[in-house]
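A.B. asks: Sequence:
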Amino acid sequence: MSMNNNKEGDLQQILTLNMLSSVPQKASFLNKVITSSMVPARNFASVAFNVKSKFETAYETKMKTIASQPKKVIEPSNKTEYGQGYYQQHLKNMRQGYVHPYHSDKYPLVFSHFNYMKTLFEAVGPEQVSPHYESLSRSRRGLLFIFFYIGTINTISRFGGWSHNEWIRGMIFHHEFLIAFYLGYIEVRHFTYFLGPKFTVFYNVYTRYETQQLCSMWADVTEEEQLRHLRHTKEQMEYVRLNAEYDYVKKRALVNFLTNEKLNVEQHFHNRALNMLKMVQNFENQNLRNHLREIALGSFEKVQQTIKDPATKQGIQKQAFQAALKGIESGLMKYEADPLLPLLQSEMQARIAHFKGLSAAEEGKLLSLTTEQRRVIADNDRKAKIDYLGTVPNINNPGIKSHEKYKNFVEMVHNIHKSELKA
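Under UniProt numbering, think of the first position of the sequence shown as 1, with each following residue one higher.
Don't take each hint at face value.
What the hints assert, rightly or not - Here are the simulated DMTMM-like cross-link-like pairs (lysine to aspartate or glutamate), alpha carbons at most 25 angstroms apart as the crow flies:
1. K313 <-> E301
2. K250 <-> E235
3. K318 <-> E294
Stated by the list, open to error - Distance ranges between label pairs, derived from CB positions:
4. G85 <-> T65: 29 to 37 angstroms
5. G315 <-> R293: 25 to 33 angstroms
6. E362 <-> N282: 16 to 24 angstroms
7. D105 <-> M237: 53 to 61 angstroms
8. E261 <-> T222: 53 to 61 angstroms
9. L277 <-> F409: 32 to 40 angstroms
10. N282 <-> N394: 28 to 36 angstroms
11. A123 <-> N93: 36 to 44 angstroms
12. P310 <-> E362: 22 to 30 angstroms
13. V265 <-> N396: 15 to 23 angstroms
14. R293 <-> L358: 15 to 23 angstroms
Please keep in mind that the hints were generated in silico from the structure rather than gathered at the bench. Remember, predicted model here, so these are calculated numbers, not experimental data. Heads up, the beta-carbon is just placed ideally off N, CA and C, and yes, glycines get one too.
Build out the structure end to end from the sequences listed, making use of the hints.
C.D. replies: Shown next as structure tokens:
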């Protein structure tokens, strides 16, 4: 750095000598003074620059060393006393003063300058803001009217040379205010109806504000007008939606009703078929018991006839008497010598032999139902059918039960039931 500075100083000295050599000889004394004083000044400047360079170099080296090392925070030896902030340090010495029981922030008993602004704001009240939008000209129409009215009177008075309104112009308007009023009025009227350059920033902001308000009001009015025309359309769409929802609910109710009725009909047919099969089985068993009863009664009747026959009566009585004597003798009555039991057994075997070797068709024909039994089964099935058809749907809704259509339906079902029963 010092070598470069020396070179720059030598170059500056050479240029200065060349410039002075071109000056006429009349300025020889000035040349001598400058030449004699230049070398010490150059040397002093270079020495000062060298000192500054060394200082900056040492400072940069120190800063790099500090930046490379971690920052060390010197902690106080007594952390309890000096390791806390001012507030934490003095918090233990703070005490709460006396507070009157009737004193509160809302209704203070002690007034001070701390509550002055609050009291002032409460006395003034909130800012009176219009709840609806009003433009600048609308909200300040009275002030603008007075301004334009007085300004117009003063203008006409000045142009007409009248002096009876000098006191108003002297109190309110000066000449510069009147000129500003003329220019402002011309600009406002001009930019209200015509497009033109803006003379001030105020009119640019004002026109943008009014344009924005116009667009906003235009959008609001258009939306309200559109909503007014669309109200009937939305109502019709709502009716369509409600009708579709009603149709859906009605369809689901009808589907549920038909599904339940289908299950009920299937259960009804199953119960009717099961009842018919049970009745057929009972009648077949009854027919079988009737045949067995006929066999037993016929055999017994045959034995009775044998007993009543005079040719066999005495022999049967003697055999029975002998069997009774043997029973009395042995002390136990048995049927070994009974003369009637073999007759009954032989008669029953003779009657049962007729039913042995029957085919399935002959057995079915033997146990088949009679015409009366078939009529009873048919009548019971028909009665179950009519009872099912005469049963109204199980509806728990009292509103539906009290409806006129439901009452007519129940009456129609009952009439059909009565006509079927008569038929």
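A.B. asks: What are the numbers of the hints the structure violates, in ascending order?
C.D. replies: Numbers 3 and 12 - these are the hints that the structure violates, sorted from lowest upward.
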